[in-house]
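Given chain S, work out where chain W should sit, using these hints.
Chains as they are written, first to last, in the numbering used here: chain S, 1 to 378; chain W, 1 to 378.
You may find that some hints are simply not true.
Straight-line distance between alpha carbons at most 30 Å, and here's what the computed DSS-like set of lysine-lysine pairs gives [said to hold, decoys possible]:
| # | chain 1 | residue 1 | chain 2 | residue 2 |
| --- | --- | --- | --- | --- |
| 1 | S | 87 | W | 228 |
| 2 | W | 124 | W | 87 |
| 3 | S | 354 | S | 330 |
| 4 | W | 362 | W | 330 |
| 5 | W | 232 | S | 87 |
| 6 | S | 87 | S | 307 |
| 7 | S | 97 | W | 130 |
| 8 | S | 209 | W | 97 |
| 9 | W | 225 | S | 130 |
| 10 | W | 228 | S | 307 |
| 11 | S | 87 | W | 225 |
| 12 | W | 3 | S | 39 |
| 13 | S | 52 | S | 17 |
| 14 | S | 354 | S | 46 |
| 15 | W | 354 | W | 298 |
| 16 | S | 130 | W | 215 |
| 17 | S | 39 | S | 17 |
| 18 | W | 232 | S | 39 |
| 19 | S | 228 | W | 39 |
| 20 | S | 307 | S | 330 |
| 21 | W | 298 | S | 328 |
| 22 | S | 330 | W | 227 |
| 23 | W | 87 | S | 215 |
| 24 | W | 310 | S | 232 |
| 25 | W | 97 | S | 225 |
| 26 | W | 232 | S | 298 |
| 27 | S | 3 | W | 39 |
| 28 | W | 39 | S | 328 |
| 29 | W | 209 | W | 227 |
| 30 | W | 228 | S | 330 |
These aren't lab readings, by the way, just hints derived from the structure by calculation.
If you want the building blocks of each chain, they are given just below.
There are 2 protein chains.
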Amino acid sequence: MRKNYLLTPGPTPLPPKVSEAMSRPIIHHRTPQFQAILKEATEGLKYVFQTKNDVFILASSGTGAMEASVINLLSPGDTALSVQGGKFGERWAELCKPYGINAEIIDVEWGKAVSPLEIEKRLKANPKIKVVFTTLCETSTGVVNDIKAIGEVVNKTEAVLVVDAISGLGAIDLKTDEWFCDVVVSGSQKGLMLPPGLGFISVSPKAFKLIEASKSPRYYFDLRKAKKAIDKTDTPFTPAITLIIALNEALAMIKEDGLEKVFARHKKMADATRVAVQALGLGLFAPTAASDVVTAAKVPQGLDGEKLVKTMRDTYGVTIAGGQGEMKGKLIRIAHMGFIEEFDIIAGISCLEKVLAQMGHKFEMGKGVRAAEEEFLK
Amino acid sequence: MRKNYLLTPGPTPLPPKVSEAMSRPIIHHRTPQFQAILKEATEGLKYVFQTKNDVFILASSGTGAMEASVINLLSPGDTALSVQGGKFGERWAELCKPYGINAEIIDVEWGKAVSPLEIEKRLKANPKIKVVFTTLCETSTGVVNDIKAIGEVVNKTEAVLVVDAISGLGAIDLKTDEWFCDVVVSGSQKGLMLPPGLGFISVSPKAFKLIEASKSPRYYFDLRKAKKAIDKTDTPFTPAITLIIALNEALAMIKEDGLEKVFARHKKMADATRVAVQALGLGLFAPTAASDVVTAAKVPQGLDGEKLVKTMRDTYGVTIAGGQGEMKGKLIRIAHMGFIEEFDIIAGISCLEKVLAQMGHKFEMGKGVRAAEEEFLK
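Chain S on its own, in the form it takes in the complex (with noise of 0.2 Å):
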């Protein structure tokens, strides 16, 4: 007999309504049941999303939807520009090296949100850039970046904005539209608290135009084919039929609440996190630009962040997670996205006090539970 408590930054718990509709008998794809399906999905998403633009759902993972932005707005031999600021803001220049685009790099100190100034010096520097890749938290640093400020200096210029979003939507504001984000990648196992195995793209008329310029070779991620099926509420390939359907179960959820609400919620969540580790004695990673989605905190000199991160989940069934890349061993992350609510903020921190202690960590013993509780009564 063993309780697990999940608290990572993807997956995410899943409500049990979610985890019910996959259990449901499976239906064809093919069929006006499906379509109905298929079109609730896609409106919920725009609705997650804040956008008019089309919403593809991909059967991949939001890697697939990173690589599909970046084979349909770019021809080898282009030019963009890639924020890296942690693991995954890197993968965007990983994607473009096989594909034969240049990507400049914008290299971000890990911890520290890019400046929105930085992309608009770059962008005037070389009018050759097409499409700026940014990421809206970087899950690995729990840094988010300021999208709203990055829009308004990208749509001054011809290139295209694309966000990753994947760790983000659904659970800290992202305004599609009113921030000229032209393109919005994520994916199902975050703020949308499903499984993962889908991946989201969002495209505005802007990107389009690019899309139907591109050179790249592609097949399976091929927007256009997108494009020509969903006009006929319909998918090019075979969809993951289960995820789409347990999708509109959360998408209902979401705005049943209302997106004010779910945004409400997850600030809630953070700021006692926050407090929470600070009061144990841990410093924020990211004490400028800390997001909503997850929390990092720096392991206390001389203990082993990867002990602490094991001894939680092996022996008191608490999975988080630790450092990525360059900050293996040096974090513990705190995910306070989707399906999770204070007081399963609060277990996480309880079993955290409970394992620093037992490490031999100084600190008094309740007092980032009771912190986490004072952000939480207010």
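Then chain W, alone, in the frame of chain S:
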């Protein structure tokens, strides 16, 4: 109140154990717990593929796995031989085109199997052919190809044999290693009794040499990344966790019966379906190469095939498939693949009789069901 019966060649009905598995709380994928699941899935797939080769699991539909085999094996300017005798066979050449791969085509009349001698002739005529693309069971026509004979032909050459076994794997015999199938591609929603969303691909050492040499651009579907990951019991990108958990339930069911018994069950089902539709006066579309996966029967002269399929589905809840491509409106296709048993076939034939009678087709009521019953009694 309406009961639905699914007799389509993908998705196929889900066993209750599979449905239940998907409704379990989700777990994180970078954990020892998921590693054990991934290992079990990979081993189980090797059993069903009848191979010692690596089998990779992709988060994509079957077409994604087909694209993976094209771009990992071939470079721009390379030549492949593509067998096409239906909608899915045609996909191989469609996939080659954007990547600048020359596809020589063997055009097989729809409803017929390809002649292995023709493949031998073409390989001799053009020693530049690096890859031969074939289909185990062509879903659009119900035809099964003689992969064993094709394997013997291709194995005598430098070329690599790729088999699209999306329809057929786990339903009819395919001895990957014994029949020299270098690459076998499959999907989750057919013989493996899962929802769509997973692609599978097995790779022989001979094929791995082409993978190392391929200059086609790729990232998400890069099998070099997949190989590196699986050697550490990992995946390069976030896997479709719930579907893989469900896969293990389906694989356990197949293993419990054993492949021989599973194939015998499919044959029995196919034999009964074939005699039943013929007893109703419907000719088999592929009398000389009918697969045990799906039966394609010709719609009687003067009858509207699309209306027949729609009425069965929308009025009576029995979903079968109609004709695709050039056979639209002219065929019905009844699947007997995956979690389908004797009395599902009886139900399907009975509904077919009902609608045929309503549409004015002349036949002796009950004759199709009786023919199936007699076949099952043998």
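- Query: Keeping to a limit of 30 Å between CA atoms, is the pair of residue 3 (chain W) and residue 39 (chain S) held or broken?
  - Reply: holds, 23 Å
- Pair hint residue 362 (chain W) and residue 330 (chain W), alpha-carbon separation not exceeding 30 Å: holds, 18 Å
- Query: Is the straight-line distance between the alpha-carbon of residue 209 (chain S) and that of residue 97 (chain W) 30 Å or less?
  - Reply: Within the cut-off at roughly 22 Å; holds.
- Task: Could you grab the alpha-carbon distance between residue 87 (chain S) and residue 225 (chain W) and see if it respects the 30 Å cut-off?
- Result: Judged against 30 Å, a Cα distance of about 16 Å means the pair holds.
- Between residue 87 (chain S) and residue 307 (chain S), does the CA-CA distance stay at or below 30 Å? Holds, at roughly 21 Å.
- When you check the alpha-carbon spacing of residue 330 (chain S) and residue 227 (chain W), does it fall within 30 Å? holds, 29 Å
- Task: Given the hint that residue 39 (chain S) pairs with residue 17 (chain S), test it: the Cα-Cα distance must not exceed 30 Å.
- Result: Status holds; Cα separation ~20 Å.
- Message: residue 232 (chain W) and residue 298 (chain S) were given as a pair; does the straight-line alpha-carbon distance stay at or below 30 Å?
- Response: holds, 28 Å
- Is residue 124 (chain W) close enough to residue 87 (chain W), meaning Cα to Cα at most 30 Å? Holds: residue 124 (chain W) and residue 87 (chain W) sit about 27 Å apart, inside 30 Å.
- Query: Within a Cα-Cα threshold of 30 Å, do residue 97 (chain W) and residue 225 (chain S) meet the stated pairing?
  - Reply: holds, 15 Å
- Query: Holds or violated: are the alpha carbons of residue 298 (chain W) and residue 328 (chain S) at most 30 Å from each other?
  - Reply: violated, 62 Å
- Under the criterion that the straight-line Cα-Cα distance not exceed 30 Å, is the pair residue 3 (chain S), residue 39 (chain W) satisfied? holds, 23 Å
In terms of the numbered hints stated before, the structure departs from hints 14, 18, 19, 21, listed from lowest to highest.
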